[in-house]
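There are 2 protein chains.
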Amino acid sequence: MGKPKKPVILITNDDSYRAKGIQALIEALQPYGHLIVVAPSHPQSGMSHAITVNMPLRMEKIEQKENLDYYIVSGTPVDCVKLANNQLFRDNKPDLLVSGINHGANSSSSVVYSGTMAAAIEGCLYEIPSIGFSLLDFSKNPDFTASIQYVRKIAINALENGITPGTCLNVNIPKLPLNEIVGVRICRQNKGVWREEFDKRVDPANREYYWLTGEFYNLEPHSEDTDEWALHHKYVSIVPVQIDMTAYDSIDRLNKWDWKV
Amino acid sequence: MGKPKKPVILITNDDSYRAKGIQALIEALQPYGHLIVVAPSHPQSGMSHAITVNMPLRMEKIEQKENLDYYIVSGTPVDCVKLANNQLFRDNKPDLLVSGINHGANSSSSVVYSGTMAAAIEGCLYEIPSIGFSLLDFSKNPDFTASIQYVRKIAINALENGITPGTCLNVNIPKLPLNEIVGVRICRQNKGVWREEFDKRVDPANREYYWLTGEFYNLEPHSEDTDEWALHHKYVSIVPVQIDMTAYDSIDRLNKWDWKV
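Protein chains in written order, with the working numbering: chain A, 1 to 261; chain C, 1 to 261.
Pulled out of the complex, with its shape left as it was, chain A reads as follows:
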């Protein structure tokens, strides 16, 4: 069997196969490729690059239509990418991996917590051109109309031009109607942090417990080359993300320390 003419696009997310965001990705890309969806069976927000090592995984095919195969996996977004590559793409790698559309932002340092972006980074480790998409709307039922247009534009660009090996794209989309979005802006990752306020409560057995809540602090709100700036100024932000985390600038300095043990 030859490779199908249409590009093969692997789709996953972290909000689970039932999320509206993954349906929006399917709607955006169905005209342009053969879609293989492999999504978590349960929500995986905040799972980052977690993999399931102490439990077995299940994978179930739930739908097969023309140009769409739909699987669910009982694990994390990264588990989905690994299992898809091992079980479904042994001979032909997908031409593109897209993850999302996340319900909520993954800009700035949120990239390290994000299951959506972890799936894209894992795709990148498999040498698949990979993109994570997030919409700045945490609600269950956001309006993905504008997102769908930008997903198409960015995915087709990636299929045509390729993505530099060792990198993937982190795309965030402002919560705005299509005609209010100014355009696309290529950015660097904003310096920002989440600071937690744990909500301390007492359970019916009188034992304390904590709920994680957090607030984002932008450490450089006036830098115009960051993703946060772009999003606040009504742009779709694209940050190219690399899997090499080496801080090359620190190597010389560390070499000057006394290392004799």
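Simulated from the structure, these hints should not be mistaken for laboratory data.
Note that the coordinates shown come from a computational prediction; the quantities given were computed from them, not determined experimentally.
Ideal Cβ positions, reconstructed from N, Cα and C, are used throughout, including at glycine.
Be a bit skeptical, because a hint or two may be false.
To be verified - Short, incomplete list of chain A residues facing chain C, as computed with Cβ under 10 Å: (1) N54; (2) L68; (3) D69; (4) Y70; (5) V73; (6) K82; (7) G115; (8) L125; (9) I154; (10) T164; (11) C168; (12) G214; (13) N218; (14) D249; (15) D252; (16) D258.
With chain A fixed as given, assemble chain C onto it according to the hints.
Chain C alone, transformed into the frame defined by chain A:
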């Protein structure tokens, strides 16, 4: 109350408070600081930078001695760092965060899967000088004798010299006696990938399931500036890791794409 004269060192890991590796960290650093241990109550291998968003967390103090406060948390390594910073370090940040000693390597691209390194990266996001330590020995009861000497050397160096903000250190230690370790080598992250073989089985109800197994492939075994090379040549490897994942080299190229929607 003034700050205690001894440096305050926050200790965590991903193998849980019962792991030998965290005991080795305590043994290494107890003479040099006031230790606050906040460790997961259960093993968290492969949890990467996951945070607990859909469940509450418990924190319990299990021990208090001179220069050692010991807490356990019902979450991930990153939850431990967040909860410690929010509940225990509201007024004074710790002087140093150390995570580990992990039972098994976290060199090369394993940094993205590692709970040990995620805790160090989270410390870095809190602007605490942070180090993750891993020993190349997956067994439950490794010999940490040499590791303890290198933990001391590296931690004291970090306390004295500081670590560049926005970066942390990924330290891997070969499984060798102290006199066979050649020394410390500052390295870059090796290009390498895990390739999975899922072990497919059938459960008693005749349903398929998969166990994740994997093998590491070094994509550049002859590059002498990588952590993998250093470890194979009997060095302790130190990779400075940065939280800015932007692929700066890709920005110009992406700006040339057609972005009109």
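Evaluated hints:
Because the beta carbon of N54/A sits about 7 Å from the nearest beta carbon in chain C, less than 10 Å, this interface hint is met. At a threshold of 10 Å, the smallest CB-CB gap from L68/A to chain C is about 22 Å, leaving the interface hint violated. With 10 Å as the threshold, the beta carbon of D69/A stays out of range of chain C, its nearest partner Cβ sitting at about 17 Å, so the hint is violated. Of the supplied interface hints, the one on Y70/A is violated, with its beta-carbon coming no nearer than about 17 Å to a beta-carbon of chain C, more than 10 Å.
For V73/A, the interface hint holds, since its Cβ comes within 10 Å of a Cβ in chain C; the closest pair sits about 9 Å apart. Evaluation of the K82/A hint against chain C yields a held restraint, the C-beta minimum of about 5 Å falling below 10 Å. Satisfaction of the interface hint for G115/A is found here, the shortest Cβ-Cβ separation to chain C being roughly 8 Å, below the 10 Å cut-off. With a cut of 10 Å, the hint placing L125/A at the interface with chain C holds, because the nearest CB-to-CB distance is about 5 Å.
Of the supplied interface hints, the one on I154/A holds, with its beta-carbon coming within about 8 Å of a beta-carbon of chain C, less than 10 Å. Interface hint status for T164/A: upheld, as the beta-carbon distance to the closest one in chain C is roughly 5 Å, under 10 Å. A hinted interface residue such as C168/A counts as satisfied when its beta carbon comes closer than 10 Å to some beta carbon of chain C; here the least separation is about 9 Å, so the hint holds. Residue-level restraint check for G214/A holds (minimum Cβ-Cβ distance to chain C is 8 Å; threshold 10 Å).
Hint on N218/A is violated. Least Cβ distance to chain C is approximately 13 Å, over the 10 Å limit. Interface hint status for D249/A: upheld, as the beta-carbon distance to the closest one in chain C is roughly 7 Å, under 10 Å. Contact between D252/A and chain C, as hinted, is supported at the beta carbon level, the nearest pair being about 9 Å apart and thus within 10 Å. Look at D258/A: its Cβ gets to within about 7 Å of chain C, closer than 10 Å, so that hint holds up.
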